[in-house]
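Participant: In the order they appear, the protein sequences are chains A and B. The opening residue of the first sequence carries number 1 in our numbering; numbering runs sequentially from there. The opening residue of the second sequence carries number 1001 in our numbering; numbering runs sequentially from there.
These are computed hints drawn from the structure, not numbers from a lab. Cβ atoms here follow ideal geometry from the backbone N, Cα and C, with glycine treated the same way. Any given hint could turn out to be false.
[What the hints assert, rightly or not] If you anchor each label on the Cβ, the simulated ranges turn out as follows:
no., chain 1, residue 1, chain 2, residue 2, range
1, B, Val1183, A, Ser167, 44 to 54 Å
2, A, Val251, B, Arg1404, 16 to 26 Å
3, A, Lys52, B, Asp1219, 21 to 31 Å
4, A, Leu42, B, Ala1158, 57 to 67 Å
5, B, Ile1389, A, Ala243, 36 to 46 Å
6, A, Tyr267, B, Leu1505, 55 to 65 Å
7, A, Leu42, B, Asp1219, 21 to 31 Å
8, A, Trp205, B, Val1498, 31 to 41 Å
9, A, Val228, B, Arg1310, 54 to 64 Å
10, A, Ile124, B, Phe1212, 50 to 60 Å
11, A, Gln56, B, Val1183, 39 to 49 Å
[To be verified] Residues from chain A that keep clear of chain B, each with C-beta distances beyond 12 Å, as calculated:
no., residue
12, Leu42
13, Asp60
14, Ile83
15, Pro109
16, Ala145
17, Ala243
18, Ile252
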Amino acid sequence: MSETVGHSPDRAISGTAHSISGPIAVLVLAVAPQLFHFLTALGFAILGMATKNPLQVLADHIVAFGTALRWLGWAITFLPDLIPAAVQALFSWQSNLLTPVFAKIGGAPPDTWLALIYSYPLLIIAALSFVLKPRCTQDYYGGIALVALALFALWASSDLQGMHGFSFGAGTAPRMFATILLLLGAAVALIGLVTDGPDTATYHWRGPVFVVLAIISFAITIRPLGLVFSAFASFMIAALGTAETKWLETVIVCVCLTAFCCVLFPYGLGLPMPLWPRFLNW
Amino acid sequence: MLDLFSNLGLGFQVVFQFVQWAPSWLGGYSIPIPVNILLCLIGALVGTLVGVLPGIGTIATVSMLLPITFGLPPVGALIMLAGIYYGAQYGGSTTSILVNIPGEATSVVTTLDGHQMAKQGRAGPALAIAAIGSFFAGCIATVLIAVLGAPLTKLALAFGPAEYFSLMVLGLIFAVVLAKGSVLKAIAMIAFGILLSMVGSDIETGASRMAFNVPELADGLGFATVAMGVFGFAEIIRNLDVGAEMSRDLVQQKITGLMPTRKDLIDSAPAIGRGTVLGSILGILPGGGAVIASFASYTLEKKVAKDPKRFGRGAIEGVAGPESANNAAAQTSFIPLLTLGIPPNAVMALMVGAMTIHGIVPGPQVMQKQPDLVWGMIASMWIGNLMLIIINLPLVGIWVRLLRVPYRLMFPSIVVFCAIGIYSVNNAPMDVVLAGLFGLVGYWLIKHDFEPAPMLLGMVLGPLMEENLRRALLISRGDWSVFATRPLSAALLFVALVLLTLAVLPTLRKKRDEVFVESEG
């Protein structure tokens, strides 16, 4: 069902057997939610919007990592009891065995859970990736990313109610499918580890960056500045995405297209959108 | 039988509906306008226009054009969507033949002989036979839908939640087995899609799930948003990669002699017939039947041909068979959607999305409660196919000219159009940002050789699956064996299991890969 059979992605022939960029990417992925949290807080602070102090956010996460580590050490002593209890808890939240554990950590902040459920497992995987030599990096890292996604979903749905007698709670199905994705992702990664296959294709930054920038600039400007400006701007930004662009020709096409859009969408299709910047108010 | 005719009659009545248009400047006179036919025409035209752009497949086209149907009344919107769908499919064949770039998986085999014919200066007959074959297949498939629709609806009434769940599992497994590439990765993509569908409010408890207090996520991820990102934007980004530079092997000769000769027609008639039968059968099966149908038809034509060596060198049967097969399959894949409410492939999934936006829940009830809608759509499929013949043959010249527009000018335009399109769905800037992010996700998926189509299917089926799973387990008082003890459900799950085993078995996998490899040779 591939939509684009015509031109398969270029497979980079990386000569070196063991690349360092993969494990580093996993390492970054492991702390990505925390980084994202910090950066958004920082961004809001710079824009002067009321938010949590970014440094406080950072400090909270560091503390969370520490707390999670303390729990891990403590939990290891309970390990034989803990594994069946954890499986049970995944779907029900009603495990008797885990009651003392929950009594201790039940009211813990989600940051700690994030570190425990998401970051530490991925950090371990990242560490393993430095040592292991996967034979098909495309599948190996693809599988790991799915594992990361599944762990993140497990964390995101960890505050939801589980089984309620016979009936599913809000959190049962998400945890169930996250677990399935976790297992499938792990299987993909393991197969990539031991069987031969293509290496990860090279990424190019120019196309993705400018296309996404164009899309985001459209989203930001459409409300305050209107269709004329935002369509023009996002066309020009997108045009930066390739080295082939010839500017004169691009500007002419861009003007024509903007004019066409401004006729087609608000008038032809009757969609309600502002044409001109709000402050002009014609 | 009588039912059938009255139903089809109703359908055509809906399609040929005239609306009296009486603008004030006509001074009291009114002009009757066949609104639905016009919508179908516009849909087919716009669908072809976008479908012709290289690298943009059917799913991307339909998802890009979804927003323009939102302002219409439900019947008109669905008729227009059907037009867009056929237009997009035909546009894909056009690029296959003229530039050797298949717009989508179903027209991959068309490149083999179609482009060779074009190189020999016979692009006209190739395009014409593709349209004629599609039209013939479309006619047969339309009748088939009308015949099978009603009985299958009755069958659907015997379905409880357990059966629905098992049927959806079967459909997803079909989608995996018939798709290209690794079975395991495709299943993982389905799980990813189902997980994505769970973002937002829980249907039963109303609890906010995985939404992180973002108000825009409270309603869940928009289907059109994800589809546009993963198919539309991801395609654009990928096409920009250095090295993935498209070889524009454009046919430069002037296209002369559109009509196929008498010999062409005689040669291709049996191929069209075989393709139609194959396609109709495979299309009913849930899960990307159209792709496998075109491959299977090509293989069959090669097997029955007296001189198989002609294939790959411009044999007209190699165009006629697959094109008929994929169109027949595309059309019969409406059957599971209309009768059981289960989309068998990603395009149908988009149709469900569109229907839901218009407040229609596809399934057995629609057939009974809104017969004008269902039969109107079925009749419009036939009209849509007819439109393709009428409008596209004269317009081939325009499509060729469009293909000469350099990509450096094309892609920013597509980006802007898509952005406006998504924004107009909900007037929500956040949707546009999300689509952009999903564009990156789609780019990543392509780089790691994951198929986005199963993900989309999982995302559409996710809520249905969860709902039926919950209901089935509630009825059975938490007993999971209900899926194995109810006979219909057990049979469906058994078939799914057998299929999965077959797909994983090494010998069969080799065969399956062979079918796909043939196309690349």
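Participant: State for each hint whether it applies.
Facilitator: Checked hints:
1. At about 33 Å, the CB distance of Val1183/B to Ser167/A disagrees with the hint of 44 to 54 Å.
2. For the pair Val251/A and Arg1404/B, the supplied restraint of 16 to 26 Å holds, since their beta-carbon distance comes to about 20 Å.
3. The hint said 21 to 31 Å for the Cβ distance between Lys52/A and Asp1219/B, and at roughly 26 Å that hint holds.
4. Range check, Leu42/A to Ala1158/B: Cβ separation about 59 Å, and the 57 to 67 Å hint holds.
5. As the Cβ distance of Ile1389/B to Ala243/A is approximately 42 Å, the hint placing it in 36 to 46 Å holds.
6. Under the hint 55 to 65 Å, the C-beta atoms of Tyr267/A and Leu1505/B, about 59 Å apart, fit the expected range.
7. Checked against the hint of 21 to 31 Å, the C-beta distance between Leu42/A and Asp1219/B comes to roughly 29 Å, which is consistent with it.
8. For the pair Trp205/A and Val1498/B, the supplied restraint of 31 to 41 Å is violated, since their beta-carbon distance comes to about 46 Å.
9. Separation of Val228/A from Arg1310/B is about 56 Å and conforms to the stated range, judged on CB atoms against 54 to 64 Å.
10. In this structure the hint that Ile124/A and Phe1212/B lie 50 to 60 Å apart at CB is violated, the actual value being about 25 Å.
11. Distance hint for Gln56/A and Val1183/B: a CB-CB separation of about 48 Å, consistent with the stated range 39 to 49 Å.
12. At the 12 Å boundary, the C-beta of Leu42/A stays outside the reach of chain B, the nearest C-beta of that chain being 18 Å off.
13. Every CB of chain B is more than 12 Å from the CB of Asp60/A (nearest about 16 Å), matching its label as outside the interface.
14. No Cβ of chain B comes within 12 Å of the Cβ of Ile83/A; the nearest lies about 22 Å off, and the non-interface call holds.
15. Look at Pro109/A: its CB is around 15 Å from the nearest CB on chain B, clear of 12 Å, so calling it non-interface holds up.
16. The beta carbon of Ala145/A is not kept farther than 12 Å from every beta carbon of chain B, the shortest such distance being approximately 7 Å.
17. The beta carbon of Ala243/A is not kept farther than 12 Å from every beta carbon of chain B, the shortest such distance being approximately 8 Å.
18. Ile252/A, annotated as away from the interface, has a beta carbon of chain B within 12 Å; the closest lies near 9 Å.
Violation of the numbered hints given earlier is confined to hints 1, 8, 10, 16, 17 and 18; the remaining hints are satisfied by the structure.
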